[in-house]
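Asks: Build the full structure now, drawing on both the sequences and the hints.
Each residue of the sequence shown is one higher than the one before, counting from 1096 in the numbering used here.
In case anyone wonders, no lab produced these hints; they're calculated from the structure. Careful: at least some of the hints might be erroneous.
Unchecked claim - Here are the in silico distance ranges between beta carbons for each label pair:
id, residue 1, residue 2, range
1, Asn1189, Tyr1110, 34 to 40 Å
2, Ser1141, Ser1214, 27 to 33 Å
3, Thr1219, Asn1097, 25 to 31 Å
4, Ser1141, Lys1187, 44 to 50 Å
5, Glu1156, Ala1105, 29 to 35 Å
6, Asn1244, Leu1221, 26 to 32 Å
7, Pro1124, Thr1177, 23 to 29 Å
8, Ser1139, Ile1188, 37 to 43 Å
9, Asn1244, Ala1155, 38 to 44 Å
10, Gly1123, Lys1204, 35 to 41 Å
The beta-carbon is built from N, C-alpha and C at its ideal position, and this holds for glycine as well.
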Amino acid sequence: MNITILSIGAVKTDYFKLAIAEYHKRLGPHAKLSLVELAAESFSESQKIAAKKKEGKRIAEYLSRRPEARVFLLDERGMELTSVEMAQKLDKINEPIIFVIGGSLGLEKELLERYERLSLSRLTFLHEMTKMVLLEQIYRSVAIINGKNYHH
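Replies: Next up, the structure:
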């Protein structure tokens, strides 16, 4: 399994960094995992629309260089899956997978209309927390696929 997590902004909080590193390590024997962080735009209240467009353009440019990949945008209004359903979905995918986590302003409408959307919850999380939860769920999916004693 070849997975990329593309996100806007860097993880800065130490405990999230540790958790992300732990799941990255656990996934190592089972999946090729890349974490790609694109810079977040600084913005004032009047610059929100322009900042979101710039971030969206950078995401679109990255994705255009990976046309063979199956793309999932993390979005609170996306499809909700159980852990078993997510494992089944990932197990059926043969091409590289890219999960996209937008910036604090969310994802551009053009991206949301073009790619499949996945929700980790109807709740909104910090972006750092989203990355950690996503990694844990990817690890859980791989454990389910491989029959590991992790998911009960």
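Asks: Now look at each hint and say whether the structure bears it out.
Replies: Here is how each hint holds up against the structure:
1. Asn1189 and Tyr1110 have their C-beta atoms about 35 Å apart, which keeps the hinted 34 to 40 Å range intact.
2. The beta-carbon spacing between Ser1141 and Ser1214, approximately 30 Å, falls within the hinted interval of 27 to 33 Å.
3. A beta carbon spacing of about 29 Å between Thr1219 and Asn1097 agrees with the range 25 to 31 Å that was offered as a hint.
4. The supplied range of 44 to 50 Å is met by Ser1141 and Lys1187, whose beta-carbon atoms lie about 45 Å from each other.
5. At about 19 Å, the CB distance of Glu1156 to Ala1105 disagrees with the hint of 29 to 35 Å.
6. The beta-carbon spacing between Asn1244 and Leu1221, approximately 30 Å, falls within the hinted interval of 26 to 32 Å.
7. Here the CB-CB span from Pro1124 to Thr1177 is close to 25 Å, well matched to the stated 23 to 29 Å.
8. Between Ser1139 and Ile1188 the beta carbons are some 40 Å apart, a value that agrees with the proposed interval 37 to 43 Å.
9. Checking the proposed 38 to 44 Å range against Asn1244 and Ala1155 shows it holds: the Cβ atoms sit about 41 Å from each other.
10. Checked against the hint of 35 to 41 Å, the pair Gly1123 and Lys1204 passes, with Cβ atoms roughly 36 Å apart.
Hint check: a violation occurs at hint 5 only; the rest are consistent with the structure.
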